[in-house]
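Asks: Reassemble the complex: the two chains are provided individually, in unrelated frames, and hints are given to aid placement.
Chains as they are written, first to last, in my numbering: chain Y, 1 to 116; chain G, 1 to 113.
A hint or two may mislead.
From chain Y, some residues computed to sit far from chain G (all C-beta separations above 12 Å) [unchecked claim]: (1) Arg10; (2) Asp65; (3) Gly99.
Some chain G residues judged to face chain Y by a derived CB distance under 7 Å, without partners named [stated by the list, open to error]: (4) Val29; (5) Tyr39; (6) Gly43; (7) Leu44; (8) Lys49; (9) Thr51; (10) Lys58; (11) Ser94; (12) Ala97; (13) Gly98; (14) Ala100; (15) Gly106.
These are calculated hints, taken from the structure and not from any lab test.
For each residue, glycine too, the CB sits at the ideal point set by N, CA and C.
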Amino acid sequence: GAVVSQHPSRVICKSGTSVKIECRSLDFQATTMFWYRQFPKQSLMLMATSNEGSKATYEQGVEKDKFLINHASLTLSTLTVTSAHPEDSSFYICSATSGDYTGELFFGEGSRLTVL
Amino acid sequence: AQSVTQLGSHVSVSEGALVLLRCNYSSSVPPYLFWYVQYPNQGLQLLLKYTSAATLVKGINGFEAEFKKSETSFHLTKPSAHMSDAAEYFCAVSVQAGTALIFGKGTTLSVSS
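So that you can see chain G by itself, here it is in the shape it has in the complex (with noise of 0.2 Å):
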């Protein structure tokens, strides 16, 4: 069965600096990888998702991820944090079109002025 585990349940960084949020994944079968953002009381926004195709994904908001097999990982970056990062991210996965995603536990995202 597939899985997610996020490390670390809270990252802290300040205006301006490197956001990176990691995910390790484990499926027996190539990965469907995504990661989402919550905002509180709200659903899941899709920031980007990984299926097979380039390794390095672009999505919204300047995040990015890159899925390296050899490490089991798809672990999330901006290079410059803003406010309105602040927020619960999401990694998921599954492993075939129209099955349910599995999500990590999830990580919440300050970010200090």
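This is chain Y alone, in the form it adopts within the complex (with noise of 0.2 Å):
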């Protein structure tokens, strides 16, 4: 099946500061990316879509300027937290498509950010 890695799957930073997230489809073009975050023992709620080359839409309730998707090429895409809050600390999972017709959508590993 097709594989999508993300990295890192541990971060922890300080109050703050950056954290960047990266996603790649390793063995297929994925036309479109999600990107979910799952509270401890919660189900995963949908943050924004992004589209190779055109801007991420966000779902309602999710700050654009706080959480920064790029999705650069057809295997790539990154969530940047700025300015990491506690708050934000969280399970994010990317995941990806390739478009075809059967919906499934590939999963990475999740990133594990805490931010003290």
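Replies: In structure tokens, the structure reads:
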């Protein structure tokens, strides 16, 4: 199956700093990538949808200036958490689709962000 | 808008017993339905998917699910639970290929020996 790689898997940062998380599709071209956030013991909440070469579409309630998403190529999307605060601590998961008819999304391994 | 409801946030079974995880969906158009499994601090792994072909879908690790339009359900089953099945299970729906999946709240499956 298609592989999506996410890096870093864990990151700890100080409050006020910015953190970048990368999401790569390793063996297919991802026409669309999605970023989800997962709080402990909870479901995945869609943050934004990004298409290569265009601005991301954010879900209601997600601050686009805090969570910067860039989808510069068909294999790479990045999520930058700017001026991170402890409440931004969470598990962030990216996913990608190749646009095939099944609608299946391929998920990265997730990134655990801890803001001190 | 589409949505998914997973009945039962926690299901406990004995090893060798039947596993039944319930999922009901709401969609105004024919849906794509998925079951994913998540182990602690990991991403999601696809168990199976329904994409308007056969209503009984077989997935990995002995899991299967049946799409029942009349009941708007897509319940996940496995005849005999293994200890390694203990994990978090998510049902998800989308209405168009290439769009985001909407997830249910998840069901934690515990398996006791």
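Asks: State for each hint whether it applies.
Replies: Hints, verified against the model:
no.: 1; hint: Arg10; in the structure: violated (8 Å)
no.: 2; hint: Asp65; in the structure: holds (21 Å)
no.: 3; hint: Gly99; in the structure: violated (5 Å)
no.: 4; hint: Val29; in the structure: violated (12 Å)
no.: 5; hint: Tyr39; in the structure: violated (11 Å)
no.: 6; hint: Gly43; in the structure: holds (4 Å)
no.: 7; hint: Leu44; in the structure: holds (4 Å)
no.: 8; hint: Lys49; in the structure: holds (6 Å)
no.: 9; hint: Thr51; in the structure: holds (5 Å)
no.: 10; hint: Lys58; in the structure: violated (15 Å)
no.: 11; hint: Ser94; in the structure: holds (5 Å)
no.: 12; hint: Ala97; in the structure: holds (4 Å)
no.: 13; hint: Gly98; in the structure: holds (5 Å)
no.: 14; hint: Ala100; in the structure: holds (5 Å)
no.: 15; hint: Gly106; in the structure: holds (5 Å)
Going through the hint list in order, the structure does not satisfy hints 1, 3, 4, 5, 10.
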